[in-house]
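**Q** Residue strings, one per chain:
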Amino acid sequence: MTGTEAIVPPAPPTSAQPDSAPPVRAGRVTEALLPPLVAILIALVVGDLLILTFGQSPAEVYRVLLAGTWGNAYGIGQVLYKATTLTFTGLAVALGIRAGLFNIGAEGQLAAGGFVAAVIGLLVPAATPGVVAALVCTLGAAGGGGVVGAVPGVLRARFGAHEVITTIMLNFVVLALLGWIVSAHLHVPESLHTPEIRSGAVTRLSDIFPVFHGSAANLTLLLALAAAAGVGWYLFRTRRGYELRAVGLQPDAAEYGGVDVAGVRWRALALSGALAGLGGVNFVLGYKHYYEEGFATGAGFLGIAVALVGRNNPWGVVVAALLFATLSQGGLAVNALVPKQMVEVLQAVVILAVATAVPSVRHAVRTAAAGLVRTGAKRS
Amino acid sequence: MTEPIPPLAVSSNQPRGAAALAVRMRDVAKIFGSVVANRGASLEVARGEIHALVGENGAGKSTLMRILAGTYAPNGGTVDVADASGQLRDVTGWDTGQAIDAGVGMVHQHFMLVPPLTVAENVVLGREPRNGPVLDRDAAIRAVRELSERTGLAVHADRPVAELSVGEAQRVEILKTLYRGARILILDEPTAVLSPIEVRQLWDVLRTLRAQGGTIVLITHKLDEVMDVSDTITVMRAGETVARMRTRDTSPREIARAMVGREVTLVDDLSLAATRGAGVRERGDAGVRERGGLLLELRDLRVDTPRRRSVVDGVGFGIAAGEILGIAGVEGNGQTELVEAIAGLTAVASGSIRLGGDEIGGLSVRARGDAGLSHVPEDRHRRGLVLDYSIADNLILGRQHHFGGLRLDADRILEHARQHIVEFDIRPTDPALPARALSGGNQQKIVIAREMGRDFRVLLASQPTRGVDVGAIEFIHDRIRRARDEGKAVLLVSADLAEILALSDRIAVMYGGRIAALMPRSEASAESLGPYMTGAAGERAA
Chain A
1 MTGTEAIVPP
11 APPTSAQPDS
21 APPVRAGRVT
31 EALLPPLVAI
41 LIALVVGDLL
51 ILTFGQSPAE
61 VYRVLLAGTW
71 GNAYGIGQVL
81 YKATTLTFTG
91 LAVALGIRAG
101 LFNIGAEGQL
111 AAGGFVAAVI
121 GLLVPAATPG
131 VVAALVCTLG
141 AAGGGGVVGA
151 VPGVLRARFG
161 AHEVITTIML
171 NFVVLALLGW
181 IVSAHLHVPE
191 SLHTPEIRSG
201 AVTRLSDIFP
211 VFHGSAANLT
221 LLLALAAAAG
231 VGWYLFRTRR
241 GYELRAVGLQ
251 PDAAEYGGVD
261 VAGVRWRALA
271 LSGALAGLGG
281 VNFVLGYKHY
291 YEEGFATGAG
301 FLGIAVALVG
311 RNNPWGVVVA
321 ALLFATLSQG
331 GLAVNALVPK
341 QMVEVLQAVV
351 ILAVATAVPS
361 VRHAVRTAAA
371 GLVRTGAKRS
Chain B
381 MTEPIPPLAV
391 SSNQPRGAAA
401 LAVRMRDVAK
411 IFGSVVANRG
421 ASLEVARGEI
431 HALVGENGAG
441 KSTLMRILAG
451 TYAPNGGTVD
461 VADASGQLRD
471 VTGWDTGQAI
481 DAGVGMVHQH
491 FMLVPPLTVA
501 ENVVLGREPR
511 NGPVLDRDAA
521 IRAVRELSER
531 TGLAVHADRP
541 VAELSVGEAQ
551 RVEILKTLYR
561 GARILILDEP
571 TAVLSPIEVR
581 QLWDVLRTLR
591 AQGGTIVLIT
601 HKLDEVMDVS
611 DTITVMRAGE
621 TVARMRTRDT
631 SPREIARAMV
641 GREVTLVDDL
651 SLAATRGAGV
661 RERGDAGVRE
671 RGGLLLELRD
681 LRVDTPRRRS
691 VVDGVGFGIA
701 AGEILGIAGV
711 EGNGQTELVE
721 AIAGLTAVAS
731 GSIRLGGDEI
741 GGLSVRARGD
751 AGLSHVPEDR
761 HRRGLVLDYS
771 IADNLILGRQ
781 HHFGGLRLDA
791 DRILEHARQH
801 IVEFDIRPTD
811 PALPARALSG
821 GNQQKIVIAR
831 EMGRDFRVLL
841 ASQPTRGVDV
851 GAIEFIHDRI
861 RRARDEGKAV
871 LLVSADLAEI
881 LALSDRIAVM
891 YGGRIAALMP
901 RSEASAESLG
911 PYMTGAAGER
921 AA
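Those sequence lines, one after another, are chains A and B.
Numbering (my numbering) for the first sequence: 1 to 380.
Numbering (my numbering) for the second sequence: 381 to 922.
Hint data in this document are derived by calculation from the structure and do not stem from the laboratory.
C-beta atoms are modelled at their ideal positions from N, C-alpha and C, and glycine is treated no differently.
Treat the hints loosely; a few may be bogus.
Away from chain A, derived, C-beta distances all over 10 Å, residues of chain B [claimed, not checked]:
| no. | residue |
| --- | --- |
| 1 | 475 |
| 2 | 604 |
| 3 | 629 |
| 4 | 634 |
| 5 | 865 |
| 6 | 878 |
| 7 | 915 |
To give an idea of the interface, some chain A residues facing chain B are shown, with a C-beta separation under 7 Å as derived from the structure [said to hold, decoys possible]:
| no. | residue |
| --- | --- |
| 8 | 54 |
| 9 | 58 |
| 10 | 250 |
One-sided and incomplete, this derived list gives chain B residues near chain A with beta-carbon spacing under 10 Å [to be verified]:
| no. | residue |
| --- | --- |
| 11 | 574 |
| 12 | 728 |
| 13 | 731 |
| 14 | 783 |
Given these sequences and hints, build the entire structure.
**A** Here it is in structure tokens:
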């Protein structure tokens with residue numbers, strides 16, 4: 001295994017292929033970097049136009065945006081905090097797409113992970129050493145997200161129910177269920193959150209570097225980097241990863257190669273859910289120390305954008321998560337000049353531009369769409 | 381380019397001049413991304429002739445014809461087509477609509493028909509005779525019947541296309557093109573799906589059309605077809621036009637040399653020699669060569685698919701060590717399902733599959749592979765390769781569990797790849813290249829290398845040389861024979877009768893999911909097998 005071939009997007013089908021192969025690797029780097037850069041450039045141009053319509057100077061707005069994010073330690077801390085959650089959800093979606101599955105359920109899986117971590121944190125004896133409690137809570141978060149991910153996985157493997165539909169619908173089920181549990185049984189009076197965990201809090205960045213004072217950034221970001229490395233290793237170095245990518249690229253060839261396609265599918269969705277669930281650690285153990293309804297609303301869906309812009313490559317996901325976290329945090333900084341929704345428009349433009357410009361993304365979207373159509377046709 | 385292209389024999393012999401040309405393509409180039417499909421391709425087709433465009437797979441024949449039919453615009457060169465008055469007009473870069481209006485129609489390899497609609501409705505689709513706002517069905521059926529009689533293309537005008545045989549569906553495609561007024565008809569590999577009898581009928585139709593003044597371009601890589609039906613031949617290699625000849629002045633050997641660029645052994649030479657017993661190993665019924673025990677044994681095998689019951693309907697046979705059993709038949713008669721059932725890719729309804737005496741019917745694909753079953757699948761793009769995986773990664777597909785438990789051993793995979801690339805002459809030789817970047821022949825060599833470059837006892841070879849160039853065919857046939865000589869059992873399934881006749885020790889014909897005939901090679905010939913392939917003859921036991 002070379003570990004690099006999967007970054008190459010599928011070439012357009014050609015009717016003729018000469019014996020001398022095209023120089024694939026020479027163009028690999030530009031091929032990998034150019035489309036996202038172009039996408040961001042397009043987003044900037046659209047952003048300029050939007051800013052001008054608000055009567056502001058684009059240069060000034062971008063200056064404020066950068067100053068409010070990467071310009072000071074607090075801003076950097078906030079970007080890192082947001083990027084941590086997005087890395088988990090981005091990895092979750094990316095892993096799914098590598099297996100040919102479109103997991104749109106990261107939103108619910110993330111909430112489930114955070115909830116389980118908070119509940120375990122409530123149940124452990126207060127005297128439990130912090131590291132042990134944090135470890136147990138983290139495993140719980142992965143388990144919570146994993147179970148929510150496994151449900152559509154098993155539905156797909158056993159009944160052929162398309163995961164786009166089941167994962168998206170399960171979001172509502174999970175969020176409503178958690179909302180009911182918290183408001184009916186677990187909430188602190190006058191609030192929508194659970195009591196604080198007894199043990200297992202993750203060290204804040206500001207505890208080590210006081211300059212980050214006030215920001216939510218915490219050591220969960222190391223877990224996110226470890227997860228990215230782990231996903232990369234799993235996908236490109238292990239036998240299971242080899243089989244998972246084969247299922248994603250060509251299920252018929254994988255089946256021919258003795259791979260248990262249905263098994264790979266449900267395990268991939270469970271793993272994807274577990275990754276999204278780990279994102280809950282960032283808020284629950286690292287920031288507020290309790291579960292709160294809507295603690296990361298939108299982070300699951302944004303994970304799809306992060307995965308697409310990161311081209312389903314673990315390190316690409318980390319970079320894309322930083323980009324989206326910067327935009328999201330920057331929206332708050334420029335709020336005085338332009339409505340912060342402008343930044344959401346920018347995010348949308350980045351996604352649209354990437355979705356049209358990057359062949360592998362087009363391929364992923366088309367595959368999901370075709371799968372949906374097939375499922376629909378089977379039902380009717 | 382090795383040989384100079386002679387001036388077109390037809391136009392130099394008969395003083396007709398440029399006006400007699402129906403098509404003139406000059407120096408055409410077409411590039412897809414980094415793949416050059418055509419460069420310096422030229423083609424001259426005289427009016428009223430059957431012109432064969434031949435070349436290996438990937439030589440750029442289909443691309444050139446799609447440029448002519450307006451599907452693609454060329455990146456360079458000119459395209460001229462004669463209008464109704466016979467005058468050549470520059471039409472470079474036209475679209476399909478303009479091409480159809482000008483009388484250029486192409487029948488593609490993959491049919492573009494609407495299955496629930498009737499033959500007549502399909503034929504007139506887009507140019508329907510109307511009775512006010514609604515389709516005039518009777519007029520459509522009349523028009524189709526009239527056209528059918530005039531051309532000899534026999535169809536049932538009022539039957540839904542979904543119920544037709546492949547051969548009839550193809551006739552509908554041709555009718556559709558003619559109905560739209562095609563004077564220049566392009567056929568892309570039309571015989572791949574036909575039985576020998578249907579092929580002969582098609583040739584009759586083409587000759588009728590030629591007699592009526594039609595011009596036909598036939599894309600093919602089968603040399604016997606070229607010799608049978610064409611007047612003139614253009615040979616392409618690697619996107620270029622390398623030779624042009626008159627059929628009656630040339631030989632299959634000469635065409636093959638132009639296609640490949642070197643001397644090759646033709647399948648026909650071998651099968652001919654085998655029939656005559658001249659020089660080449662004579663094999664077959666008499667047990668010329670000692671055979672071992674049965675390595676693969678099927679008993680009363682039945683396969684149902686979600687769409688159709690009994691696609692494989694009670695098939696049983698045995699293959700001995702050191703034997704090649706060839707299964708001939710028109711595609712779609714259960715061969716695919718039979719092979720996939722043996723390989724473990726399709727569930728078996730009933731019956732038994734034994735490999736070396738052990739029942740393997742209940743085993744997984746992986747376990748069957750480990751038990752010594754190798755499988756060259758018929759569709760390498762869908763089944764046989766993960767096209768975006770590297771050559772090295774493709775060479776371990778199905779064997780990945782032998783290259784590491786948790787972590788795959790990258791060094792061993794690379795070493796394994798290097799070895800197989802050399803032994804099976806896979807080009808280019810860089811193991812990190814994605815399989816997609818290779819030519820069809822080299823892609824197939826990856827599959828062959830993976831399945832035959834390891835210990836195995838039984839080989840399932842399904843259409844092993846489909847879409848593969850002449851040079852690679854020779855190589856693949858050699859490997860299959862060598863496997864047989866080493867005492868393996870080989871089940872060969874091919875739609876190419878010449879291939880079956882060239883390689884097999886015994887030949888079975890599959891029709892309607894059953895073995896319609898099973899005979900020693902010495903009794904088999906295209907003529908004797910033909911009736912079984914179409915179901916015209918009853919069943920015959922070995």
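**Q** Tell me, which hint numbers fail for this structure?
**A** 8, 9, 11, 12 and 13
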